[in-house]
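Protein chains in written order, with our numbering: chain V, 6 to 319; chain L, 6 to 319.
No lab work stands behind these hints, which were simulated from the structure alone. Hints may be right or wrong, so weigh each one.
To be verified - Pair ranges (Cβ atoms, derived):
(1) V:Gly293 / L:Arg114: 37 to 47 Å
(2) L:Lys294 / V:Ser169: 48 to 58 Å
(3) L:Pro70 / V:Arg318: 22 to 32 Å
Unchecked claim - Once the Cα atoms are required to be at most 20 Å apart in a straight line, the calculated PhoX-like pairs of lysine-lysine come out as:
(4) L:Lys105 / V:Lys226
(5) L:Lys231 / V:Lys226
(6) L:Lys130 / L:Lys106
(7) V:Lys231 / L:Lys231
(8) L:Lys226 / V:Lys231
(9) L:Lys117 / L:Lys69
(10) V:Lys226 / V:Lys292
(11) L:Lys117 / L:Lys105
(12) L:Lys312 / L:Lys7
(13) L:Lys69 / L:Lys7
(14) L:Lys267 / L:Lys226
(15) V:Lys105 / V:Lys79
All residues carry an ideal CB built from backbone N, CA and C; glycine is no exception.
One letter stands for each residue in the lines below.
Number of protein chains: 2
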Amino acid sequence: MKGRITQLFDIELPIIAGGMVWCSGWRLAAAVSNAGGLGLLGAGSMTPEVLREHIVKCRQATAKPFGVNVPLMKPDAAQIMDVIAQEHVPVVFTSAGSPKKWTSWLHERGIKVAHVVASSTFAIKCEQAGVDAVVAEGFEAGGHNGREETTTLCLIPAVRRATSLPLIAAGGIATGDAILAMQVLGAEGVQIGTRFALTQESSASDAFKQLCLNLNEGDTKLLLRKLSPTRLVRGGFFDAIEQAENEGASPEQLLEIIGTGKSRLGIFDGDLDNGELEIGQVASLMKGKPIQTVAQVIDEMKAEYDKALMALRV
Amino acid sequence: MKGRITQLFDIELPIIAGGMVWCSGWRLAAAVSNAGGLGLLGAGSMTPEVLREHIVKCRQATAKPFGVNVPLMKPDAAQIMDVIAQEHVPVVFTSAGSPKKWTSWLHERGIKVAHVVASSTFAIKCEQAGVDAVVAEGFEAGGHNGREETTTLCLIPAVRRATSLPLIAAGGIATGDAILAMQVLGAEGVQIGTRFALTQESSASDAFKQLCLNLNEGDTKLLLRKLSPTRLVRGGFFDAIEQAENEGASPEQLLEIIGTGKSRLGIFDGDLDNGELEIGQVASLMKGKPIQTVAQVIDEMKAEYDKALMALRV
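The following block holds chain V by itself, in its conformation from the complex (with noise of 0.2 Å):
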């Protein structure tokens, strides 16, 4: 599993956790560094200040590197960058935006960069745009999605030929034999989200987590295609987009619904009937397991991974 996601990030093994809003604080970060592979911060719901304090404490809990997650859209990504680079952290993923805005202004601070997309197009243009490695994520990830929906089992061998930029998979991927099919369709790293948010070092509550490992298959959805494509869990926030969507519900309409503070209250706050639940699709693949700890779930991984590539060698 070594390669160019290993040595770029100068980790042990080429999983990334996803820097997931209400989820990826200092414990989830520090304890997949940790582990071997690259613990990011999720900035999304973080302030500059709050993300400081993370960063800080991330530092104190391992000697490893780790990385931010930001999303470009975000209204204060100058201030949280200036905090990034204020503190040294090594790597920063950008999200939801253009790669060009922030990679020369990155690397010239002596930060890796990779960018996530959802397509091929935005692919090419990381390469253009410099990053160190990009990140292709597919229909089934949890959260906000890209609005072509391509599935990752399409959309891992499109972008392996449209750049040659080192490859993060992500989306459906929970297990060590996933990490391998991503290999065999041209990926060097992964990007786990789902699987991470639901250990016993993520931010979010016991709630959300409980509920997360009991669901079935199509108790997620992709939603609010008509404002920025979001997978969801059912509930009741859930049930409200999806009725007024049914019933040709203006983006304006939307907005209104969805308020403020919803992903908070959700996630974090664990209000499973009023909050937005962002969950990828393969969580209902881990119905049933308790809230295992990040080195439970790395070992389970890694077993997994050495058991189903010996299965090919028979």
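Go by the hints and put chain L onto chain V.
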């Protein structure tokens, strides 16, 4: 690549060509079987007597086993099954209905049965019904599709855990790499639609094949969720449905837009503006390829599979 699927159907390669409306006639089915896979006739777009003609011609064109795909919601499904039994077709793939309905009847006549599902819930029903193999088809597949929108990457491991049946992966598979990736996820064979729909031997019009060999990512999309979810290619028919859905159209209004005979018009007659065009998301991965023969496609997939397997042994 030998295993339970090759044994079950007495074939060389665990590659099944989906029985696709207006594509899968005797030429395509015989070519796939002659190349070592299992060709299926697509009864979905055939009357019982047209199917009989295709069975007779297919048998003249190959000495190898072939089968018929029967969508069980077809009003003349019983007459279709009679023709299949009278003509001693060795294999039937059923879809779009309960696997309990025909499995015993087919088994009594010495016919092997596979059933197509889009969830592990239905895969369990297949096992209870005694089918010989299950096809698990993901969201990326062309044409009619499951309601839960589970992608192939998430679906195959779920079905693998839910049943002990021989498992055929479908949806998004068009290369040897993807075949190997499916094997890693626990599949023992693959059903391939899109790639074979666009071969010389497919009955589809050249206009349809050329269009589908020049699609970009995002040029197919799942629509018609209020009726039966269907993956369509962008074009006049697609636009009319998408616009109506965005405005909250009822099932009745959608049925009126669809009318009748539109898939024949689009796929077989090649009226790309007015016809219904169905193809899988993976078509964009073949952008720029010529219209190949089935033998060329199978040779390419075998070479890709071997290369991908070797890469894991480094």
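Handout entry: Ascending list of hint numbers which this structure does not respect
Key = 2, 4
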